[in-house]
Amino acid sequence: MLVAAGLNLLIKKRDMAKENYRKERIDRCIKARSDDIYAISSKNEILYLLFPRVIPIAALGIIALISPLYWQKVIISACIFAMLAVSWDFLSSCGMLSLGQALFFGIGSYIAGILNHYLNLPFYITIPVATISGGLLSTILLLPVVRLRGIYFAMVTLILPLMLMRGIEATRIFGGNEGITGLSPFPNIWVELIIIITAMWVTLFALRRFISSDYGLIFVSIRDNDRATMASGINIYAFKAQALFIGSCICAFCGAFMTHSYMFTGIPVFTMEFSILPIAASAIGGIGSLAGPLLGAFVLVPLSEILREFGTLRVVFYGLVLVICVVALPEGIFHYLSRKYNEMERWVKIE
Amino acid sequence: MAILEIRNLTKSFGGIKAVDDVSVDVHENTLLGIIGPNGSGKTTFVNMITGFIRPDKGSVRFKGKELIGLTPYKITNMGIGRAFQMVKPFFHLPAFKNIIVPLSSDRVKATKGGGFGDKDAIALDILEEVGFERGSSVPYKTASVLPHGYLKRLELARLIALKAEVLILDELFSGLSIAEVTSIVPIIEKLLVEGKTIIMIEHRLKELFRIADNVIVFNFGKKIKEGKPKEILEDEEVKKAYLGVEV
Ligand SMILES: Nc1ncnc2c1ncn2[C@@H]1O[C@H](COP(=O)(O)OP(=O)(O)OP(=O)(O)O)[C@@H](O)[C@H]1O
Ligand SMILES: [Mg+2]
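The listed protein sequences derive, respectively, from chains A and B. Those letters in the first sequence? Residues 87 to 437, by our numbering. Those letters in the second sequence? Residues 78 to 324, by our numbering.
Take these hints with a grain of salt, some might be off.
Covered, in the sense of this in silico footprint (three residues per stretch, anywhere, with C-beta under 8 Å from a C-beta of chain B), are these stretches of chain A [claimed, not checked]: (1) 294-303; (2) 306-319.
Per label pair, the in silico range of CB-to-CB distance [stated by the list, open to error]: (3) B:115 / A:253: 50 to 56 Å; (4) B:212 / A:276: 51 to 57 Å; (5) A:422 / B:198: 57 to 63 Å.
Note that these hints are calculated values from the structure, not bench results. Here the structure is a predicted model, which means the values were calculated and not measured. Heads up, the beta-carbon is just placed ideally off N, CA and C, and yes, glycines get one too.
Please model the complete structure; the sequences and the hints are all you need to start from.
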């Protein structure tokens with residue numbers, strides 16, 4: 087997409103008579119709040135803003151449409167990890183370092199599985215219920231440690247899913263080690279694709295909008311300096327709890343979705359993979375943008391599929407790519423792309 | 078009656094008594110200066126009043142209500158604002174958005190019309206008041222790129238946004254040039270005219286003594302003197318403990 091934009095600009099440059107035009111850098115950083123007004127001021131500006139949003143949405147839609155079933159499943163998995171990563175980035179934007187996305191994910195998964203298995207509820211009920219109650223339950227579980235900062239909070243989120251895993255194993259509740267199998271699937275792959283892709287885009291754009299609102303601003307300020315936020319008369323623990331609820335609802339949704347997609351729930355939903363991969367995706371995609379982690383997930387998940395051929399060497403190549411990404415683009419792929427996009431120069435007519 | 082009645086505040090860190098049995102009355106619409114050598118407990122004293130540190134002993138009453146035991150955000154919402162000695166801006170946010178955070182506090186929302194209106198415009202007004210040039214790009218710049226002088230002003234702007242009744246300024250002038258200090262002094266004088274109560278910790282004695290109504294002197298955590306600026310200047314004990322270093 088960037089190549090296309092670059093070509094467009096080149097053509098424009100060539101077509102313009104040089105003497106009547108000057109080079110202007112499209113530098114939108116200082117145009118702080120006027121964004122919206124700015125956007126509708128001209129057709130070009132609208133295109134400028136829409137381009138990076140519409141192209142990925144359209145591209146993913148088309149790829150999902152034409153892919154074989156196997157790759158459609160990969161897309162679904164990528165979407166799930168993308169949402170977990172977006173949630174991770176959102177929590178970290180609010181000053182909460184989570185090492186336990188698997189906790190929220192697993193709770194959502196189990197709630198959906200239990201509702202479906204014991205009460206025979208269909209997916210369109212279990213998923214919303216699991217999303218909200220999973221979010222609530224996760225928030226309540228972590229409420230006592232919301233006051234802890236940085237690594238202390240992280241430690242608790244890391245340990246809780248492991249504890250639940252062993253607890254279920256030992257007490258043999260909800261199928262114990264075997265988990266719950268034979269849950270009702272989605273009617274077909276298209277329903278599945280539409281639900282998860284829509285949910286992912288809605289999550290991304292809603293959160294991005296939320297975090298740049300006056301209300302969302304407070305979450306960012308807590309990460310920047312929690313003491314100064316307190317000294318601004320803000321109850322930071324109430325805000326952190328809200329952020330925790332939002333973040334864990336997203337993960338619980340993913341868990342509930344996967345339960346129906348795989349027709350299974352069990353202790354594997356609490357494994358580290360669901361905690362670590364979102365962080366890796368955020369690291370290579372670009373922390374703090376919400377879009378970066380999503381992009382990162384869409385790099386890592388398909389990559390891991392492609393590398394399957396290499397058998398045991400898979401992990402080596404996977405790690406290699408990770409390291410190269412982080413070393414070459416320490417700011418993250420997304421920040422790099424968006425900087426390049428915003429720095430592009432254009433020719434404007436001299437008034 | 079004093080707006081702030083501080084009684085027997087005491088706090089030890091390990092073996093050292095950072096603040097040792099300090100009592101003082103702060104009267105409404107006056108400026109109290111706090112001076113004392115480095116490490117004499119001034120910041121710790123302020124941290125206890127604003128709820129950031131729990132004292133071992135003592136009480137602080139604001140308009141008769143006990144503050145000890147309350148969280149910093151509650152104390153702030155009651156109308157006691159503090160500027161930090163080490164500036165604490167929200168580095169990732171533009172300057173004007175730094176001010177939107179206090180504008181979202183319960184205290185400001187509870188004031189008439191506080192929850193409504195264009196917060197951006199209010200924030201820009203406040204920033205202009207403390208010396209951010211209106212119309213320039215400075216108020217829109219990310220706090221991480223602002224020079225130290227602006228960050229100090231941002232601290233003051235936060236308290237103005239909060240509509241704090243008592244403003245506690247912990248070494249607001251440190252690291253500022255004479256020109257910058259002279260441009261901030263009128264802002265403080267204006268706040269006094271508006272009826273605010275101000276507590277200023279300051280090492281810049283000349284500037285402080287010109288605007289202070291009362292001064293207290295800290296040494297090794299103890300309040301060694303209290304009085305009018307002129308009395309403090311002439312006091313032998315104070316000279317020995319503190320001023321002697323400068324003269
Ligand atoms: N959190 C803390 N833990 C341990 N000791 C502390 C802590 N905060 C302050 N102290 C100690 O308490 C004493 C008083 O420190 P404080 O910061 O209150 O002094 P101050 O008068 O503000 O000094 P300055 O003029 O340098 O700002 C010092 O000896 C300091 O080392
Ligand atoms: Mg100090």
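Going down the list of hints, with the structure as the test:
Here the region 294-303 of chain A counts 3 residues with a CB under 8 Å from a CB of chain B, which clears the bar of 3, and the coverage holds. A stretch counts as covered by a chain when three or more of its residues have a beta carbon under 8 Å from one of that chain; for the region 306-319 of chain A and chain B the count is 12, and the coverage holds. The given range of 50 to 56 Å is respected by residue 115 of chain B and residue 253 of chain A, whose C-beta atoms sit roughly 53 Å from each other. Look at residue 212 of chain B against residue 276 of chain A: about 55 Å separates their beta carbons, and that is inside 51 to 57 Å.
A beta carbon spacing of about 35 Å between residue 422 of chain A and residue 198 of chain B contradicts the range 57 to 63 Å that was offered as a hint.
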